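Enquirer: Take a look at the letters that make up each chain.
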Amino acid sequence: MMRRIVCAAATLLASGTAAAQGTISTQGFGYPAGGLSTRAASSGGAFAEFDFASPRNPSSLLGWGRSGAYFQYDPEFRSLDTPNGSESGTIPRFPLAIAAVQVGTRGIFALSYTTFLDRTWSTRVRASQILGPDTVEYEEHVQSIGSISDIRLGLGYSLSDAVGLGIGVHGFTGNNQMLLERVFDDSVTFGRLVRNLTLGYLGTGVSLGVTWRPDPSLAVALSARAGGTLDLREGDTLVATGRVPNRYGAALRFDGFPGASLGFSVERTDWTRMGEISTSGNLVAFDVWEYGLGAELTGPRVGGVPALISLGYRTRDLPFSVTGERVPERIFAGGMGIPLAGPRVILDFGVQRASRGATAGVRERAWIASFALTIRP
Amino acid sequence: MPAHRRRLVPLALLAAAAAGAACSEDIEGGAACPLLCPEQNVVVLDTVLEPVVLDTTVAGYPTTGTESWLVLARDGSTLDVRPVVRFDSLTMFYSGNEPDTTIEVIDSTYVRLRIDTTFSRVTAPVTIDVFDVDTIAGDSAAAANDTSIAKERLLFRDDRLLGTITLAPDEIGDSILVPLDDAAVLDKIINQRRLRLGFRLTSSEPAELLILSREGGDAPVVRYDPAPADSEIGHLTVQPLSKTPRNQVVLAADLTDYVHVFSAPAIPAGPYLAAGNLPGHRIFMRFSIPPRILDSSNVLRATLVLTQVPAPSPEADSALDLFPRLVTAGVVVQEPGRAAFLANPPRLGFDSLRVVPSDSGEVEVEVVNAVRAWSFDPRRTAQQALILSSKFEGMRAPFAMFFSSEAPPEVRPRLRVSYSPVRTFGVP
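Note that the protein sequences, when read in sequence, are chains A and B. Residues in the first sequence are numbered from -12 upward in steps of one, following this note's numbering. Residues in the second sequence are numbered from 76 upward in steps of one, following this note's numbering.
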């Protein structure tokens, strides 16, 4: 019979550096993609509250005007400058897709999918660890693939020519496929540490929005989302329950200049509510403000329909901390909307230049390209 | 195409190129670690177990007739190993002036042995005697199904001596030709009898010759001149062959050549395990590892700690390499001798262990790949067992000894395990 003779002191071996995230933007539960269409992002988010393809304000769905579909692709080319050197990466994202159906003469019903928090990262570092009497070198690969998505069923209703209302019901779902792999240099003497884990998320929310145009040259939009519960599961096991962040947004739009529109938006998101599902005790989440300022200009005509040129600037703090500090993000953006088949098929593309940090000596910069196709047959 | 559309073409191409370039994902980083990389919750526990539920020494490896080398050795009275090669079908005809001429006389008969000079050891003149060790003449029913080789041991007698040769160490190359008695061999040819040759070595100093076997690819052969008067006719070559037991073809093939161990160093009685010696001994160890380690952890290191005992072994001060090997037998194979036969080849997942037989003290065998293999078998269909075998198993007499699980607690086999219990990770 086997007899256990010693259970040596359980030792939490500080293993040098054990890696995770490795970037500024993907700390915590991930990077908030923002819920902005290519067009809205290209103007700094200033027009997002009015934009039918940006699922922030459900009353903006009226902008569809008819049934249609929208699909967006946002590759991000990211670079990171650290005291240890620089590195770069490419993160393809498909952050937004919408299908809209006209309901009667006053309503638009839409189902949208938005990337809420993108937690895709991978790190590979070398370190050492004490195993038995020896200190051994290893390479550790830690990876997270996946995101939380915001799936919204929205209805926009035109109360009058000047007032539109909207309501949205949100489901927050998704998962993070986590991998931790520690491979020791001597594979005969030391076994490989491999852990696979799926973190699943399921939450709810409801949003309301209103758009008011008191004057043909002026529009105001207000929206709010009340977050419901947010469950975090490890496989089938409920690990923690928190709350989906509340969000409040407001925007002004001025169309008084010929061929140009100006916009300003402000948004508040209570990310601290998500901190409740943190189990590490290390997560620091913030309630953050976002400000957007932008312009849309009439461009050259294509097939008799004017193209749209967008410019904008957006600033916000990221929701999750790096070593306890807030991390600011500043984005300059520009883009163009090209009508391919009159106003019914529009190809939007835009470029954003994002700067995150510097914090703790690390600065992250990114070029975010954005491509979208709107079809309204 | 209108001018405004032409202007948009380069823009569209640029956008398409950027989109295409972004199709390949590259998310790997690490330069910002450890600053942006909080430590993972990797807890490593060190435990020392006494997990051996059965350990014993089993002998007889390689099994009779499967040796790649035939050992011909003598070391005074402590070591005496003699191989046997069977030539159960001798060529009776040759092609001379007429085809299929019956052999009536032979000359210059000899047996040729291929020698592995790398591992053979000869320091003084050696004499090789060759005996007729055929047990039963004819092809009776008893002879046809005879699986016993024990009677042969009594037939290494002077009255059965067929040939002898004495060689100085520098005369031993990669082949040795031992002349045989022409008349005795001719008698077997004419009467269609079996020629079974037993070899014995004598020398004033310890000596060992390794002869390639049929399994080794270059078996001993018998050659004779069937027409001494005709110089145009060369020697005939007879390959070894065993016709018995007729009802067991595989065993008959194995018994084409094999060795008899007449004497070998004795392994002391007591709570010991031994690996090496002749015939080859293996250490068989069966374990029981707690499920909390096998099923709920990542095993990062597993070290089998054995306490070596000085062994009364030949060449006791020379290094001896032992191979830990994973037993592949299922749990239904309970008998250790059978289970120890079913094992992975050497060097598969384990480093060898180099010991000096005369040494004592603790030695460590890294067996993490065995413990991990057992952890991948949640239905427990495979044995949790290892063997330790000598690198020169069945070829060399040196052996090493270790205390078994019946020894005092402080010297019993132990397993030191570093393992990481599976815990959640990745939640911020």
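Just to be clear, a hint being listed does not mean it is correct.
[As the list claims (entries may be wrong)] Here's a subset of chain A near chain B, in silico, CB distances under 7 Å, partners left out: (1) 71; (2) 111; (3) 164; (4) 165; (5) 175; (6) 197; (7) 199; (8) 201; (9) 205; (10) 209; (11) 285.
[Stated by the list, open to error] Output of the computed footprint for chain A on chain B, the stretches with three or more beta carbons under 8 Å from beta carbons of chain A: (12) 442 to 453; (13) 484 to 498.
No lab work stands behind these hints: they were computed from the structure. A quick note: this is a predicted structure, and the numbers were derived from the prediction, not measured. Ideal Cβ placement from N, Cα and C applies to all residues, glycine included.
Enquirer: Does each hint hold? Answer for all of them.
Expert: Going down the list of hints, with the structure as the test:
no.: 1; hint: 71; in the structure: holds (5 Å)
no.: 2; hint: 111; in the structure: holds (5 Å)
no.: 3; hint: 164; in the structure: violated (9 Å)
no.: 4; hint: 165; in the structure: holds (4 Å)
no.: 5; hint: 175; in the structure: holds (5 Å)
no.: 6; hint: 197; in the structure: violated (35 Å)
no.: 7; hint: 199; in the structure: violated (35 Å)
no.: 8; hint: 201; in the structure: violated (36 Å)
no.: 9; hint: 205; in the structure: violated (31 Å)
no.: 10; hint: 209; in the structure: violated (32 Å)
no.: 11; hint: 285; in the structure: violated (13 Å)
no.: 12; hint: 442 to 453; in the structure: holds (count 4)
no.: 13; hint: 484 to 498; in the structure: holds (count 6)
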